[in-house]
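Given only the sequences and the hints, what does the whole structure look like? Please build it.
Quick note on numbering: the sequence shown equals residues 167 to 236 in my numbering.
These aren't lab readings, by the way, just hints derived from the structure by calculation.
Keep in mind that the hints are not guaranteed to be accurate.
[As the list claims (entries may be wrong)] Below, a list of computed lysine to any residue pairs in the SDA-like style, where the Cα atoms sit at most 25 Å apart:
| id | residue 1 | residue 2 |
| --- | --- | --- |
| 1 | Lys197 | Lys222 |
| 2 | Lys183 | Val198 |
| 3 | Lys169 | Asp211 |
| 4 | Lys168 | Lys206 |
| 5 | Lys197 | Asp214 |
| 6 | Lys233 | Glu200 |
| 7 | Lys222 | Thr190 |
| 8 | Lys183 | Glu200 |
| 9 | Lys215 | Cys178 |
| 10 | Lys222 | Glu234 |
| 11 | Lys215 | His177 |
| 12 | Lys222 | Asp187 |
| 13 | Lys169 | Glu231 |
| 14 | Lys168 | Glu226 |
| 15 | Lys169 | Asp219 |
| 16 | Lys215 | Val198 |
| 17 | Lys233 | Asp192 |
| 18 | Lys206 | Asn186 |
| 19 | Lys197 | Cys178 |
| 20 | Lys236 | Glu200 |
| 21 | Lys222 | Leu193 |
Quantities reported herein were computed from a predicted structural model and do not represent experimental measurements.
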Amino acid sequence: MKKRLMVEGMHCVNCVKGLNDVLTEDLEGVKVLEISLEGKYADIDVDDKVSDDQLKAAVEELGFELKEIK
167 MKKRLMVEGM
177 HCVNCVKGLN
187 DVLTEDLEGV
197 KVLEISLEGK
207 YADIDVDDKV
217 SDDQLKAAVE
227 ELGFELKEIK
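Pasting the structure below:
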């Protein structure tokens with residue numbers, strides 16, 4: 167299932183790399199399709215077994231704010 171995570175707090179390419187790493191390495195069943203620093207979003211393909219709460223916790227672990235999941 168494809169989802170768009172609206173993420174506040176990313177400021178540089180290292181932020182993007184960190185978000186990519188935490189989503190793909192810390193959560194099994196998540197594939198990152200695109201992360202946009204300018205658009206403040208991450209498009210992912212995620213298994214049904216990964217909950218929105220798990221996604222939120224992973225994003226916030228980096229100090230970012232997950233504003234919305236579309």
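Which numbered hints fail:
9, 11
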